[in-house]
Structure formats: structure tokens, C-alpha cells
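Produce the entire structure from the sequences given, and follow the hints as far as they go.
As they're listed, the protein sequences go chains A and B.
Counted the way numbering that gives the first Met the number 0 counts, the first sequence spans residues 0 to 340.
Counted the way numbering that gives the first Met the number 0 counts, the second sequence spans residues 0 to 340.
Simulated from the structure, these hints should not be mistaken for laboratory data.
There could be a bad hint or two in this list.
List of simulated lysine to any residue pairs, SDA-like, C-alpha gap at most 25 Å [claimed, not checked]: (1) K198/A - T229/A; (2) K146/B - T229/B; (3) K142/B - E12/B; (4) K146/A - D230/B; (5) K34/B - D46/B; (6) K1/B - R261/B; (7) K34/B - E12/B; (8) K142/B - S14/A; (9) K146/A - K34/B; (10) K63/A - S226/B; (11) K142/B - S226/A; (12) K107/B - Y105/A; (13) K146/B - D331/A; (14) K146/A - R261/B; (15) K253/B - R15/B; (16) K199/B - V123/B; (17) K146/A - S66/B; (18) K107/B - I104/A; (19) K1/A - S226/A; (20) K132/A - Y105/A; (21) K63/B - S14/A.
On a predicted model such as this, the values are computed, not experimentally measured, just so you know.
Below are the chains, spelled out letter by letter.
2 protein chains.
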Amino acid sequence: MKGIIGKDNTISEISRRLRDSPIFVLLAGCTDVSKVPGITGAGATPDLTFLTPTLDSEIIGDGKSISSEIPPITPDGIPTPAIPSRAMLNLSSAESFVVDAGFSIYPKTSYYHTGLGPARNPEVGRALIEAEKAFGIGQKIGKLLSKGSMVIIAETIPGGTTTAQVVMSTYGGFRSSSSLPDDPTDVKNQIVRRSFARKKLSSKEPLELVAEYGDYTMAISLGICASAETDVLLSGGTQMANIFHLVSLSSAEKLPYLITNRWLMQHRHDTMESLVPPGRLLVSDLNFSNSRHLGLRAYERGIVREGVGISAAFFSALANGSSEEMVYSEIDRFYETFRDL
Amino acid sequence: MKGIIGKDNTISEISRRLRDSPIFVLLAGCTDVSKVPGITGAGATPDLTFLTPTLDSEIIGDGKSISSEIPPITPDGIPTPAIPSRAMLNLSSAESFVVDAGFSIYPKTSYYHTGLGPARNPEVGRALIEAEKAFGIGQKIGKLLSKGSMVIIAETIPGGTTTAQVVMSTYGGFRSSSSLPDDPTDVKNQIVRRSFARKKLSSKEPLELVAEYGDYTMAISLGICASAETDVLLSGGTQMANIFHLVSLSSAEKLPYLITNRWLMQHRHDTMESLVPPGRLLVSDLNFSNSRHLGLRAYERGIVREGVGISAAFFSALANGSSEEMVYSEIDRFYETFRDL
Numbered sequence: 000m001k002g003i004i005g006k007d008n009t010i011s012e013i014s015r016r017l018r019d020s021p022i023f024v025l026l027a028g029c030t031d032v033s034k035v036p037g038i039t040g041a042g043a044t045p046d047l048t049f050l051t052p053t054l055d056s057e058i059i060g061d062g063k064s065i066s067s068e069i070p071p072i073t074p075d076g077i078p079t080p081a082i083p084s085r086a087m088l089n090l091s092s093a094e095s096f097v098v099d100a101g102f103s104i105y106p107k108t109s110y111y112h113t114g115l116g117p118a119r120n121p122e123v124g125r126a127l128i129e130a131e132k133a134f135g136i137g138q139k140i141g142k143l144l145s146k147g148s149m150v151i152i153a154e155t156i157p158g159g160t161t162t163a164q165v166v167m168s169t170y171g172g173f174r175s176s177s178s179l180p181d182d183p184t185d186v187k188n189q190i191v192r193r194s195f196a197r198k199k200l201s202s203k204e205p206l207e208l209v210a211e212y213g214d215y216t217m218a219i220s221l222g223i224c225a226s227a228e229t230d231v232l233l234s235g236g237t238q239m240a241n242i243f244h245l246v247s248l249s250s251a252e253k254l255p256y257l258i259t260n261r262w263l264m265q266h267r268h269d270t271m272e273s274l275v276p277p278g279r280l281l282v283s284d285l286n287f288s289n290s291r292h293l294g295l296r297a298y299e300r301g302i303v304r305e306g307v308g309i310s311a312a313f314f315s316a317l318a319n320g321s322s323e324e325m326v327y328s329e330i331d332r333f334y335e336t337f338r339d340l
Numbered sequence: 000m001k002g003i004i005g006k007d008n009t010i011s012e013i014s015r016r017l018r019d020s021p022i023f024v025l026l027a028g029c030t031d032v033s034k035v036p037g038i039t040g041a042g043a044t045p046d047l048t049f050l051t052p053t054l055d056s057e058i059i060g061d062g063k064s065i066s067s068e069i070p071p072i073t074p075d076g077i078p079t080p081a082i083p084s085r086a087m088l089n090l091s092s093a094e095s096f097v098v099d100a101g102f103s104i105y106p107k108t109s110y111y112h113t114g115l116g117p118a119r120n121p122e123v124g125r126a127l128i129e130a131e132k133a134f135g136i137g138q139k140i141g142k143l144l145s146k147g148s149m150v151i152i153a154e155t156i157p158g159g160t161t162t163a164q165v166v167m168s169t170y171g172g173f174r175s176s177s178s179l180p181d182d183p184t185d186v187k188n189q190i191v192r193r194s195f196a197r198k199k200l201s202s203k204e205p206l207e208l209v210a211e212y213g214d215y216t217m218a219i220s221l222g223i224c225a226s227a228e229t230d231v232l233l234s235g236g237t238q239m240a241n242i243f244h245l246v247s248l249s250s251a252e253k254l255p256y257l258i259t260n261r262w263l264m265q266h267r268h269d270t271m272e273s274l275v276p277p278g279r280l281l282v283s284d285l286n287f288s289n290s291r292h293l294g295l296r297a298y299e300r301g302i303v304r305e306g307v308g309i310s311a312a313f314f315s316a317l318a319n320g321s322s323e324e325m326v327y328s329e330i331d332r333f334y335e336t337f338r339d340l
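Right under this line is the structure:
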């Protein structure tokens, strides 16, 4: 299929499932890691990073930013990936389901409330107070939603590539990506070092690694993958590659699929290809070069790269009959509804 | 099947679906009607009726009353139907999904947040500010949950038989049931009269009737029934008979099933049989006569009668292989976990 790169039989299988009303599960939450200055591009200031998952949830759920008059678009016009993602979901048969994976500020759209609260910075303490509960919530979501539909797992968690980096460092020398054009590897590595200095786990049990160093999007994803009765499609970059690896440690028979995009592969193809076998990995050839808007064209410079399920949303739109031209036109149009606010 | 009364082919069809992991959707919410003194038995005082759906949700979701140290059991030991209902769900393959159908106090269990808020008393104003939104939420829930599983709709809304009475009075002389042994028909009829004096609708459109006089459990149910891809089983008494009738006005081809119980039929079999055709109506032969506990035996005197999906929970336990003896033993045991608090 034009626009999607991967093994032919994987593409045709996922394409078939995406035509049949998949469920787009957005795991939205916070980690204190995002308040470390310079760690993420997902928020104008460190404090405002806690609002980003809230606004992303409102955009995915209701197509608009409700909790802030200022939409999540930088002064340069660069939008949160929730905006192109929602635009593409408009062209698909997917139904969205927003899950509280540790909100700090609850969104004004319908969502599945868990009350988990933000994850802690693993430098200063065990990251997840309620890892088992979160895993159980994931299992429940998997059982509820996967009876006949493919479940897509997407995420919005500022600082999430850093928590992924800490967890990945327990099992190998993999590097996570970043929403910033210049990956703040020094700051990330410092968090890894300090986290391990605080506590070095001997366990290699996936949920235990996640509880000590990770965030709630990981724990809930592990639960969904453990209980889902149909295929799961992880949509994202190195955070999802980390989850893929953790799932593969738990159960080699029930592997999910993973879809990422060209921008992410340009930055971290080594991590993706090391952690995800070729038959399970798809790459969307998202390309904003011809957008009418400077802020969207900025994605071509490696800003943002991944998040909020943008790659699965793209594939869903294509699988349901939209041409790439229609997709990019809808993204431009939908983006404009935010600039007029 | 022993314990369930109805047409043989209906019983065998529903029994088959109940073995296949149905989803037990609890619509939990409030209406200002419950604050009218003497209108409901669901709460020790009129103000405390707003806490009942919260505690019922916690019992269904997590098996315990979290937001109050005092469980929803009267001083005489009579429990909320959430307690026997959860006990029977323990013996079933059902997965529960709690939905905010207008909470006043949000529960400390996972639930689908909508932010609708309590319905208003139709005596004083239009009952639902956001009826269309609630209907849309119901449609979304129907699409998300009904891909392969049967959806059971249950409710907990103090004052709900009164809002049902007001809506029913727009289309016939039907009488709703009550959680009180002596149905407060005078108070209910006064609310009907005053509601119609405030505004007499000429419309017979179901959602419009619900918006003017009803509550959010009705609007969400209409949405679920409109979008569900598989069978829906309404579990409850006259409130569910009202919903059944409203659905039948909207779409005669996609009728749900309804399960109620013997206690309810003893009180209002005329309403049930007038509104629900025999091929769609099941009656569970719940019988607490031999319970070890006085508070459960009180159900035999027509106290409580229905609610929180007690009848579908009973059928689910039986369909999944429990004997009636096992069911009543589990109810007694589970009830005791609350008395020891």
C-alpha cells in the first residue's frame, strides 16, 4: 500500500483490521520527569507539560481544546500531533477511547477515569505507586474492548521518551527518541544514572521494571496486551518499542504489531529495528512537505516526530479509502480550526 | 432453565450469550427528584441518596464501599442490591463497566467519566441540560463495547422510578415500581402533575421526552441501544420497561431484551407485561427466603425489589454453571464482608 512501508502480508492484514472499526485507545498521563527543564518539547514551560495530555485528550475526544483557550500549538505554529491525528481519525472508522494513565488535570471530554495520578520521577523514588492496579486496569480494558475490534494503543505523556530510556537501559544500550529536534541525551542519561544510583533492580520482570522506572502508559499497555483477545497495534516510536519488548518478555506468543513513521525512523531506526522484528513493524510515510502551513512543514525538520497515535491514524485513514491527498488536505483544514480560536 | 422464567428459546439464546463474557454496563447517576422527602428507599436521608450511586459503583467495580465507611446497608441490615449483584457477578464471566450517568460525587473506582451532572427535578425545569450529548455518549459506548459481547444495561439512580413515572405518563397510564415497600404514589403523581403543569410537550420523540422529564440513564441507554451491534439486555424493573418502550418507538427492528425478577413482577407485572412483549421478557426467580441474614430475607417483603442489574447478574451466574445453592451461598458470604467493616 502506498504510504505504508513493511512486509506485504503484515500490511494487508492490518489494513483489513483497520477497515473494521478499530478502537483507538489513547493512554494519556503525566510523569514528574517532564518538569525537568529541557527534557521535552510537549509544553511551553515545564509546568505546562502537565496540561498537554489533557488538551490532547480533548482534541482526540471532541476535536477541540477545551481546558485552555490557547491550543497546544507553539508560537511558531507547530501543533501537537493530536491535531493531525484527530484529522486523520475523522477519515477512518476508528472509535476513540481516552484513558486516564495518570492525569494531573482531568480533561473536559469523556474518558475512562482511573485516578492513578502522575508517575514520579524515578530519580527520586519508585515511579509507580500503583503499578499492579494499573496493570489490572489494562487487563480490564483489553477484555472490554478487544472482543471483535483491533485495539490501537496510542500515548500522550510528556517526558515519556525519558522514562522509556530509563527502562530500556535495564536491558540494553538502546536509545529513545525525543520530541525535540536536538535530543537532550545528556539530561536523559543523567536521569538514568541517578535512577539506578537510587535503586538498581535485580529483577527483570517487566511490570517491576516499569513500576520502578517507568510510567503508567507502560503498565496499562502491558495489561491490555496480556488480556486482549484480538490483535493489538502499538502506535508510536521508541516508547512503544520499549513496550513491545516488555510484552515479548512476558509472552512470546501474543506479540502486538507496531506502527511508527519516517521521521522517527530517521532519528532512531536502530532502536526500532533492534526491538521489533520486521514482520511486526510498519512505518508510515507521513510527509508534511507540501502542507499549506509552516507549523506542519516543521515536522519535516524532526520536530515532534511521533505521538498521539499519528502513525496508526494515518494508516486508518488510508485503509478506509482516503487518498494521501485527501489526508493532507483534511489535516490542513482541521489545523486551521485551531488557528482561528 | 431453573431459576429463570420466560420463553424457552429466549432463555436459551440469552444463556448462550451470557456464557461468552458479556459486558455489564452500570449507568450510575443522580436526579434532584431523589431529594424530595419520601420518594425513595435508596439512601438513609434525602441528601445521602446522592451518595448511593457512588457506593454502588465502587461495589460493582472493586467489591467494596470506598467513599463511605458506612456501607449502603440500612440499620436493619438491608443491603443495596449492588451487594448481591456483585456477589453473583463474581460467579459469572461478565466484565463490568461503570458509566457516569450524572454523578454528584465521583466514585473511587475506575469508571467512564462524562461530567453530565445530576438531572434536574422536572417539576422545576427541563430535566437534562445535555440530552444530545448523553445520547452521543451512549452511542459511543454501544460502538465500543458491543463488537462481540452482549451488553447488559443496569442502573443505579435513586428517584429513577419517579422520573420513569413522569416519562411513562406521557404515553399511557402505566405505573412504575418503587424501592419502598409502600409505593409513594401520591408524591410521585404530584411530581407528574407539576412537571406537566410546568411544560406539556406535544412531541412524542423519545429523546425529547427524556430530556424534558427523565434522567441521564435513559438518554445514555437510548444511545447504546441505537448503536449496539449485538443484543442488548436491559436489567431492571419499570425503569427498564420505560426504556424498552422508548427504544421500540425509535426502532422496532433492534429491540433489546429485558430481565426483571419475581419481586418486581409481584408489584408491577401489569406495567412490565404491557410494555414488553413475552418473547423479550425474562423473569429471574430470585429468592432470599433461605438467606442466613435477616437483611437479605427482607427482600421477600418487597423492600428494594430491583436495581443494579441484580436480575441479569443472577442469570449470568446460573448460565456460567453455578447452582442456585452456590449463588445464595456466595451472596451470604459477600454480604458478610460488608457487615464486618
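Query raised in the report: Honestly, which of those hints from before does the structure not fit?
Result: 1, 7, 9, 13, 14, 17, 19, 21
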